[in-house]
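Visitor: Chain by chain, the residues run as shown.
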Amino acid sequence: MNPAPPTTQVKLKINNNIAEISFFNPKLSVNSIDWDMMSAMADLLHELKDKRSLEGLIIYSQKPKSFLAGADLQMLDHIQVAKEAEAISRQGHALIQQLEDLPFPVVAAIDGACFGGGLEMSLACTARICSDSPATRFGLPELRMGLIPGAGGTQRLPKLIGLEAALDLMLQSRELNALQAQEMGLVDEIVVAEHLLRAGREKLLSLRQSKSEKSKISDRLKFWQRLPLGKSLSDNSVGQNILLSQAREGVQKQSHGHYPAPFALLRVIETGLEQGAEAGFQAEAEAWGQLVISKESRQLRRIYALGRAAFHHSEQKHIILAPGRIALLGCGRTGSSIALYFSDKGHNIRIVERDLERIKRSLKALHRDVARQHKHDPLPIEAQRQLAKISLCTDYSGLVSRDLAIEAVADQIEDKQHALVKLENHCADDVILASSSAYLPLAMLGQKLDRRQNFVGLHFLRPMPTNKLVELVITKDTNANIVRRTQAWLQQLGKQSVVVNDGPAYYTTRSLMAYLLEALRVLEEGAAVEDIDRAMRSLGMKQGPFRLLDRLGLDQTLRIAELLQDKLPERFSVVKSLRALRNDGRFGIKNLRGFYRYAGAGQGQVDTSIYDLLTGGQRRKAIEEQQVHERLLLAWVNNAQDCLDSAVLANSDDGDLLAVSGLGFPAYLGGPFHYIEQQGRARVHDKLLRLQEQHGDRFAPAAGI
Amino acid sequence: MPQKNQKIQRVAIVAGLRSAFCKQGTAFASLSAEDLAAAVVKELIARADLNPQEIDNLVFGQVLPRLSAPNIGRELVLRLDLPRTIPGSTVMRACASSAEAMSVAADAIALGRSQVAIVGGVELLSDVPVMFSRSFSEVMVAASRAKTPAARIAAFASLRPKDLSPQTLSIAESSTGLSMGEHAEAMARQNHISRADQDAFAARSQQLAIAAIDDGRLGAEIAPVFVPETDLLIDADNHPRRNSSVEALAQLKPVFDTKYGSVTAGNSCPVTDGAAAMILMSETRARELHMPVLAWIHSLALSAVDPDWQLLMGPTFAIDQVLRRAELELRDMDLIDMHEAFAAQVLSNLRAMASDDFARQHLQRQQALGEIDMQRFNVMGGSIALGHPFAATAARQIISVSHELRRRQGRFGLIAQCAAGGMGMALIIENPEAEP
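In order, the protein sequence lines correspond to chains F and S. In terms of my numbering, the first sequence has 1147 at position 668, counting the first letter as 1, and numbering is strictly consecutive. In terms of my numbering, the second sequence has 198 at position 189, counting the first letter as 1, and numbering is strictly consecutive.
Calculated directly from the structure, the hints in this document are not laboratory data. Even for Gly, the Cβ is constructed at its ideal location relative to N, Cα and C. Hints should not be assumed to be uniformly reliable.
Listed next, with one range per pair, are the computed distances between beta-carbon atoms [claimed, not checked]:
(1) F/Leu-507 <-> S/Gly-228: 50 to 60 angstroms
(2) S/Arg-75 <-> F/Pro-613: 27 to 37 angstroms
(3) F/Gln-1082 <-> S/Gly-34: 50 to 60 angstroms
(4) F/Pro-944 <-> S/Arg-75: 27 to 37 angstroms
(5) S/Ala-229 <-> F/Arg-930: 55 to 65 angstroms
Stretch by stretch, here's where chain F covers chain S in the computed footprint (C-beta under 8 angstroms, at least three residues) [to be verified]:
(6) 81-92
(7) 328-338
(8) 386-398
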């Protein structure tokens, strides 16, 4: 198979009759499992298998903060046939079986990340001990990549920690820290990292003494898990069936059947429970092989790889900025999330507000948000430190030596222009000047600046703390060096950035607006809010368009729609209902009035009083789901293509990454551009022509389709 | 010790800021001293645009520390997430503590051991330690050393109800057994300071403070402090009285000698919460960082008198010393600022400084230090109006005088405090714009 360059080094030494196998990847920051490592490990285990006189074996990592972070996913990219992938899984099974079959106890001494194949390997050991380091974390997150654990994890984990806990861990791709892992029975003991190997030897000796070479499952269960009642659900077949069928329902509800992996996982576990471990391993390898080549997994892996590339801009590796100093003008919704995010990452931030009253309001909100994050009274030292990074003023003092200056004032072009000029005047010449606008024309915002070459747009996709993506908008004046410095900044903040050119509402906002406005049109034509939302969720959107509209704010949406209508009248026009809703004082979640109810009776339900504002009134028409899918999705895809054609986007991968990871475009579809590829340009073209005929010229196919 | 081949560095004050001073138990009641000091130091560093990486020392004054955080200097370093390599220390010279903090850090800079220091002081008298009796402590110690539960119970069993009554701190001199106010009464008697003079001086302090608030001079020195419990942003002193008058002050009853006394709540300083801080730099570093110099620290002196004599006469002796050291005369001082513990104490010192007899008897001088021009004395009010957070007062004075010297284009400013135990401290700062 693929001759991969040698990476992880595996070493064996024998001390005082105890064998130790250690791994170390000199090239990467983490240890990962690849061919070299697997074969080196297999050789060593083969060497050990007849040394019955040994007290035992300890496996550990020589890499700080990384035990074994799982398999190297790149080795899967070239596989075309399921059988080929299946063979890899079997090889993994064989290796781990070798470990399990050793004639003496084996202890995994875990310090740092222990994921995927790394965790699966440690499951086959007699005991697991781990360090108390915060870097020590456990998980089987294969589902995130559209896969299932392929090295025996689906079989061994339920046996070790019970079916219920195992399902939770794998289906939710949960990550556990050391304490949680111990509580679950995943690890037997926690020690400080420096004593890990000593504790490993102690553990081996005690295992040897107790003469049970392989500890019994029941020993590892908590006493209540051993009670008939506690283990009943996990350990008898009726209970198991209940758990599995509940899980299946949950998975169906969550994924709408778009992702095969969770179903495969349940099926494989079931096989093992019903037909025994051998059949289970067999089923696991087969399922894994098929998933590796499935289009869903391929897309999830592709988006993941694109995200990594958008994070590691190779050139920036050597720029060190921390801790940075930031100026921020305005501390409203966007401003405060910027302040919290930057301060949480250790940067100093100086906020300028118009008056003391606004400072007070901002401080109140910041304190409340930090307190909510930490849920402790009094605030722990970390929270105090975070707040200590944020200072506020009204007089533009203390801005001269800032590295990055961001305006986050209200969405009015004149206000933003004025704010940027103020920042330019008070900061040093080499400061990066940035607007946080999500849609306003960047060139126009920067018009009044003297140093337009230093000016960029930073559109942080929401919600800022969890959404990794940033649309880094540039104008024709933006200096390349400033772009690199900004990317280095974003990398340090843990953000993935994609450079896009200035254009009407940039890329993300424009394509999302096309989708949302189309949803509003379907609503105006008589459909019900919940039907449209349900339709889009069943397509794989995390939330329906109207939930999203409430979240974005209807006033904001109207402003963006007006701008788009002005700049791109052939594609956008303000829909009537939007204005009617705004005029009715509905701004969405921010004032608790939108398409849904956010307070009082019927909270979470559609607020049917909106229908009185729409044609058709309270009597809504049923709609065909297929039609909703087509109109909304193609409105999005067509505008995405238009952005590529007009060079707002540099390439289609950027567009796919932003759409999937930034906006929640269904990942199995791979993004708007992959969707076009996959469907075929001609077919998409035809569909668009048909929609154009039925619904108007906004559906006129983009040049590139 | 000076470093080898190191020439003595001039020390610059590059920035200063304080919190509002608020009466004990009012606006800052829900904060801790660390909260208050951290808020001021944070804004000080941010407003001065100082990169925290430049700081190499932090010295803070506090008279009544919380026992769980006795070294507030180091607490501030850690709490503010300043580089953790900055050693932080806490000094205590009673009401001159922030001047002492400045002195310690300035010496290190002058001798080349430090380049950039944060100094200041804080007092949060809403959060004073409450003490139990000595016998209670003995029981606690015995219980913690007990090896068996039975021994521990036995230790607690020896407690008596009276051991449990908490004792609050009183601001009394331990050597004389008298309170500060009683000492002020004694000084008023000995130096023949009338009630009317004391009240007139107190009214003056109030009027000047109000004027400095109204024209924004004091506000510019205050960092607004957010109090999460009340959601208020505190940016103004809450003690200065707009409607204070000699007549109104005359109505107040004496507090310490209720029958024949003259010291009232109106002509003494109130106890307040507050914090103040400054950035000090060596001349070299200030130039390298292009930091504008607010004032140079010119000279500094300490004094102490016998507490059984006139406890609060320290300032006169310290001023005598600092002028000798600076080879300057009192008339060279464009501004003079003396901490106002009591009007009786200020007036006693002014009288002593103007007296040839006093000079000959106590200062080894043939002539008096001089009559003070009241146009230059405590021109923005003083502790009687603004209040007195013990360890923050001296820094407050230094910051105000630094700015006022620039406004008046004066050259030298003299700042003095009296402190518990009979101590005094005085220092001279110089306006860099008025150097010849």
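Visitor: Any hints from earlier that this structure breaks? Give me their numbers in increasing order, please.
Guide: 3, 5, 7, 8
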